[in-house]
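Student: Those protein sequence lines, which keep their order, are chains H and G.
Quick note on this note's numbering: the first sequence kicks off at 20 and runs consecutively.
Quick note on this note's numbering: the second sequence kicks off at 20 and runs consecutively.
Bear in mind the hints are in silico, worked out from the structure with no lab data behind them.
Since we're looking at a predicted model, the values are computed, not measured.
Please note that the accuracy of each hint is not assured.
Identical copies go unnamed one by one, so any copy, or any two together, can satisfy a pair.
In the DMTMM-like style, the derived pairs of lysine to aspartate or glutamate whose C-alpha atoms are separated by at most 20 Å in a straight line are [as the list claims (entries may be wrong)]:
| id | residue 1 | residue 2 |
| --- | --- | --- |
| 1 | 134 | 416 |
| 2 | 191 | 445 |
| 3 | 191 | 449 |
| 4 | 374 | 80 |
| 5 | 134 | 117 |
| 6 | 191 | 371 |
| 7 | 114 | 69 |
| 8 | 134 | 35 |
Protein chains: 2
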Amino acid sequence: MSIESAIDALKPHFGDRISTGQSVRDQYGRNEAWYPPTPPDAVVWPETTEEVSLVARTCNEHGCPIIAWGAGTSLEGHIVAVQGGITLSFDRMNKVLEVHHEDMDAVVQPGVTRKQLNDDLRATGLFFPIDPGADASIGGMAATRASGTCAVRYGTMRESVMALEVVMADGKIIRTGSRARKAANGYDLTKLFVGSEGTLGIITEITVRLHAQPEAISAAICAFEDIEGAVQAVQQTIQMSIPVARIELVDDVCIRAINAYSDMTMPEAPHLFIEFHGTEAGVAEQAEIVGDLCSEFGGSGFEWASRTEDRTRLWAARHNFYYAIKAMCPGRTGYNTDACVPISRLAECLLESRKDVPEGTLMATTIGHAGDGNFHLSYMIDPNDATEVALAKQLADRISERTISMGGTVSGEHGIGIGKRKFMAEEHGDAAWQLMGQIKRTFDPAGILNPGKLVPGN
Amino acid sequence: MSIESAIDALKPHFGDRISTGQSVRDQYGRNEAWYPPTPPDAVVWPETTEEVSLVARTCNEHGCPIIAWGAGTSLEGHIVAVQGGITLSFDRMNKVLEVHHEDMDAVVQPGVTRKQLNDDLRATGLFFPIDPGADASIGGMAATRASGTCAVRYGTMRESVMALEVVMADGKIIRTGSRARKAANGYDLTKLFVGSEGTLGIITEITVRLHAQPEAISAAICAFEDIEGAVQAVQQTIQMSIPVARIELVDDVCIRAINAYSDMTMPEAPHLFIEFHGTEAGVAEQAEIVGDLCSEFGGSGFEWASRTEDRTRLWAARHNFYYAIKAMCPGRTGYNTDACVPISRLAECLLESRKDVPEGTLMATTIGHAGDGNFHLSYMIDPNDATEVALAKQLADRISERTISMGGTVSGEHGIGIGKRKFMAEEHGDAAWQLMGQIKRTFDPAGILNPGKLVPGN
Numbered sequence: 020m021s022i023e024s025a026i027d028a029l030k031p032h033f034g035d036r037i038s039t040g041q042s043v044r045d046q047y048g049r050n051e052a053w054y055p056p057t058p059p060d061a062v063v064w065p066e067t068t069e070e071v072s073l074v075a076r077t078c079n080e081h082g083c084p085i086i087a088w089g090a091g092t093s094l095e096g097h098i099v100a101v102q103g104g105i106t107l108s109f110d111r112m113n114k115v116l117e118v119h120h121e122d123m124d125a126v127v128q129p130g131v132t133r134k135q136l137n138d139d140l141r142a143t144g145l146f147f148p149i150d151p152g153a154d155a156s157i158g159g160m161a162a163t164r165a166s167g168t169c170a171v172r173y174g175t176m177r178e179s180v181m182a183l184e185v186v187m188a189d190g191k192i193i194r195t196g197s198r199a200r201k202a203a204n205g206y207d208l209t210k211l212f213v214g215s216e217g218t219l220g221i222i223t224e225i226t227v228r229l230h231a232q233p234e235a236i237s238a239a240i241c242a243f244e245d246i247e248g249a250v251q252a253v254q255q256t257i258q259m260s261i262p263v264a265r266i267e268l269v270d271d272v273c274i275r276a277i278n279a280y281s282d283m284t285m286p287e288a289p290h291l292f293i294e295f296h297g298t299e300a301g302v303a304e305q306a307e308i309v310g311d312l313c314s315e316f317g318g319s320g321f322e323w324a325s326r327t328e329d330r331t332r333l334w335a336a337r338h339n340f341y342y343a344i345k346a347m348c349p350g351r352t353g354y355n356t357d358a359c360v361p362i363s364r365l366a367e368c369l370l371e372s373r374k375d376v377p378e379g380t381l382m383a384t385t386i387g388h389a390g391d392g393n394f395h396l397s398y399m400i401d402p403n404d405a406t407e408v409a410l411a412k413q414l415a416d417r418i419s420e421r422t423i424s425m426g427g428t429v430s431g432e433h434g435i436g437i438g439k440r441k442f443m444a445e446e447h448g449d450a451a452w453q454l455m456g457q458i459k460r461t462f463d464p465a466g467i468l469n470p471g472k473l474v475p476g477n
Numbered sequence: 020m021s022i023e024s025a026i027d028a029l030k031p032h033f034g035d036r037i038s039t040g041q042s043v044r045d046q047y048g049r050n051e052a053w054y055p056p057t058p059p060d061a062v063v064w065p066e067t068t069e070e071v072s073l074v075a076r077t078c079n080e081h082g083c084p085i086i087a088w089g090a091g092t093s094l095e096g097h098i099v100a101v102q103g104g105i106t107l108s109f110d111r112m113n114k115v116l117e118v119h120h121e122d123m124d125a126v127v128q129p130g131v132t133r134k135q136l137n138d139d140l141r142a143t144g145l146f147f148p149i150d151p152g153a154d155a156s157i158g159g160m161a162a163t164r165a166s167g168t169c170a171v172r173y174g175t176m177r178e179s180v181m182a183l184e185v186v187m188a189d190g191k192i193i194r195t196g197s198r199a200r201k202a203a204n205g206y207d208l209t210k211l212f213v214g215s216e217g218t219l220g221i222i223t224e225i226t227v228r229l230h231a232q233p234e235a236i237s238a239a240i241c242a243f244e245d246i247e248g249a250v251q252a253v254q255q256t257i258q259m260s261i262p263v264a265r266i267e268l269v270d271d272v273c274i275r276a277i278n279a280y281s282d283m284t285m286p287e288a289p290h291l292f293i294e295f296h297g298t299e300a301g302v303a304e305q306a307e308i309v310g311d312l313c314s315e316f317g318g319s320g321f322e323w324a325s326r327t328e329d330r331t332r333l334w335a336a337r338h339n340f341y342y343a344i345k346a347m348c349p350g351r352t353g354y355n356t357d358a359c360v361p362i363s364r365l366a367e368c369l370l371e372s373r374k375d376v377p378e379g380t381l382m383a384t385t386i387g388h389a390g391d392g393n394f395h396l397s398y399m400i401d402p403n404d405a406t407e408v409a410l411a412k413q414l415a416d417r418i419s420e421r422t423i424s425m426g427g428t429v430s431g432e433h434g435i436g437i438g439k440r441k442f443m444a445e446e447h448g449d450a451a452w453q454l455m456g457q458i459k460r461t462f463d464p465a466g467i468l469n470p471g472k473l474v475p476g477n
């Protein structure tokens, strides 16, 4: 009854699809954030739901932790094997199973990445709009309730996941939800698994809602005198129900870096990067209204681009901001935060958080999914400098506390994992937080599913 | 340790706000569907969350059922006291507590009705779009995951409820969610309570998302040769991402009744009733595109009305369809169904279900929230004719089974209550259905919250 005995029990079935080799374990012990590498004891590559069920049943009997792994792009240590055990890699469960054109949905395996799905959909006139930046797996995105730049228009994984197949801790296979667009049919198990970060069950199939590729797309950029003005323009846009597809705040430091990296000449000021989806006439009308709003709040040089190559260049520059920043600060890397507040508090939360940074210490940059009240303040640190790392941690904690005090959440989209767990009781209140722990124990009495993450007593 | 002892324990605190009088009990024993009147043993009118907590704590100790009651408009027997106990009336918890104009949300007590909230919002430029027809309470709408005609554009209560205050079975008060637009912060307790039909906790405060009142609204009607054509036009509209605010299917029988009742002269054929929200230009463009689509699929006489009085008349006619039908069949009343299927199966499901009705027996009418794949086939029965009631039940059950076989749900929006419970295992699979029961027991070990409804072993 141990991790070792679980691995031994699985070896005959999985053969060369189970590995305890050091290099493989190391590869699955890494993470994209600040958590020390913590390799699992073994990695398994299942090919079917039944094989996932076999792993769960076996691990449940032997008391062996299971960590589900999609693309490994998580930022809050969801995938590190803090208590050892077996990492389930979904590399081989990466098929788009069904695309229902008329119903505008698709059924995929957890290892399918969002870009892969969109490549598959290209000819259909449909697309999957959730875009967290990284080419994350749909399974991982469902498990962490991911979102990104298009959430302001198309929602997050919370709104996108219609149905799931899930392997429970004891190996039972259940289905939740359906392909019907709405339902008043009992507890919303789908939404309970979405965002449960691998602690309640292992997602083996996901039905996602798709959207029509818009007839016309245009993008716009606009410089602002200050961040308040940019945020006010966003607020007003949302209040007027202009259905912007993206509306991103990019601060002056990022603009400087982007100019240098992508050979652009934007004024070094806070900017909004905006995208409009709709009919030709609709997109033009949206751009006109938003252009007027931007001027009203101190925006200048509002420019819009409907040519694909101009748009692509603009968003490539935005998406590459992190590389741009890194190029500007060689040897340094970003320590990310993820506050999300009611939009009326966005400017205040962001500006106070920037003021926290002691002058002459860390460079801070801000990218914000402003339409959702979500922003990422990142500190550029030298990872080998313990003082800088400690300062970044301390500043990030202050942001989390400020966010909670403003009625927001410590995680808009990155999740809790091991990084934000210490704020859960404060954010939710102890009773709600303990209730999450009770749900966890009901679903996974032996505590084998992603232990050490998200919930109390895990 | 009984219902009586719980009532006795509460009397000193509640005084004349607790009643065991027969007429009051009868009033709270009724329901708007086909379930026999089943009065509670007492009715309590709390005024604060703390009083709800006191009731819960007391009932939990004494093993006394609690049934939460908003406006009493439920259609699946959610509010009948099948095991006796205490009905909690939210008549006195009916305040709009906060309206956050900039953040476009409002915090309300559970007894606030949707019309009351919209009246309150009139001057703000905002509105609450969820419209199930009846003037339901927001608490009840959250508890049953209500939706209605505007869901195709604005979502259902699933998308509208941002945060809750909930009294648990043992009297603990918890808060779930926040006013942040998105979150990746642990289990989605909010979504778990939404649609839990009073079986997991008692909702005492609801934060709902609001929307901007559109600059322009126009409505349109169009007659079709057949239901398939109308459904195809809807499908195409959705696939082209035309953001229709409502798109309702009304069958020929309903049209005949509406013509007679509302003094209108629509051709006696299936119709779509459509509403567009947007800018002046946007609404005109939407109407033009949808008009073309309708023609393509056999629609004729597409007319659109942007004058408020014409629109109001149209929707009043649609909303009064039930009275119109009743006027056409004196002494009869509707037995409602609530199937929701993937839209590709909508026409087939609807037409097969209509064919089920033996000729010369019940008159069947159809109203459909076609954009969501949801329709209500209603049988006009004489409630005192046991044969007709039995036939209606049998036909409704066939619809539920057909819906499940087509990958849909037995309830698009009315909920499960006691009426649809027998289909839960079939729709969700036994394992998922049992999991709902486990959640119920975790939240409410003594089984006092709305017993006899929704989940197994309740």
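Student: None of the hints should be skipped; say for each whether it holds.
Tutor: Here is what the structure says about each hint:
1. Taking CA atoms no more than 20 Å apart as the test, residue 134 paired with residue 416 passes in neither setting, with 33 Å inside one copy and 43 Å between copies.
2. In this assembly of identical chains, the alpha carbons of residue 191 and residue 445 lie at most 20 Å apart only when taken from different copies (17 Å versus 34 Å within one copy).
3. Proximity of residue 191 to residue 449 under the C-alpha cut-off of 20 Å is restricted to the inter-copy arrangement: shortest distance 11 Å between copies versus 31 Å within a copy.
4. In this homomeric assembly, residue 374 and residue 80 never come within 20 Å of each other (Cα to Cα): the closest approach is 52 Å inside a single copy and 52 Å across copies.
5. Taking the closest pair of Cα atoms, residue 134 and residue 117 come within 20 Å of each other only inside a single copy of the chain (16 Å); across copies the shortest separation is 42 Å, beyond that limit.
6. Proximity of residue 191 and residue 371 under a CA criterion of 20 Å is satisfied in neither setting, with 49 Å inside one chain copy and 35 Å between copies.
7. In this assembly of identical chains, residue 114 and residue 69 lie within 20 Å of each other by CA distance solely inside one copy; the values are 16 Å within and 52 Å between copies.
8. Neither within a single protomer nor between protomers do residue 134 and residue 35 lie at most 20 Å apart by alpha-carbon distance, with minima of 29 Å and 63 Å respectively.
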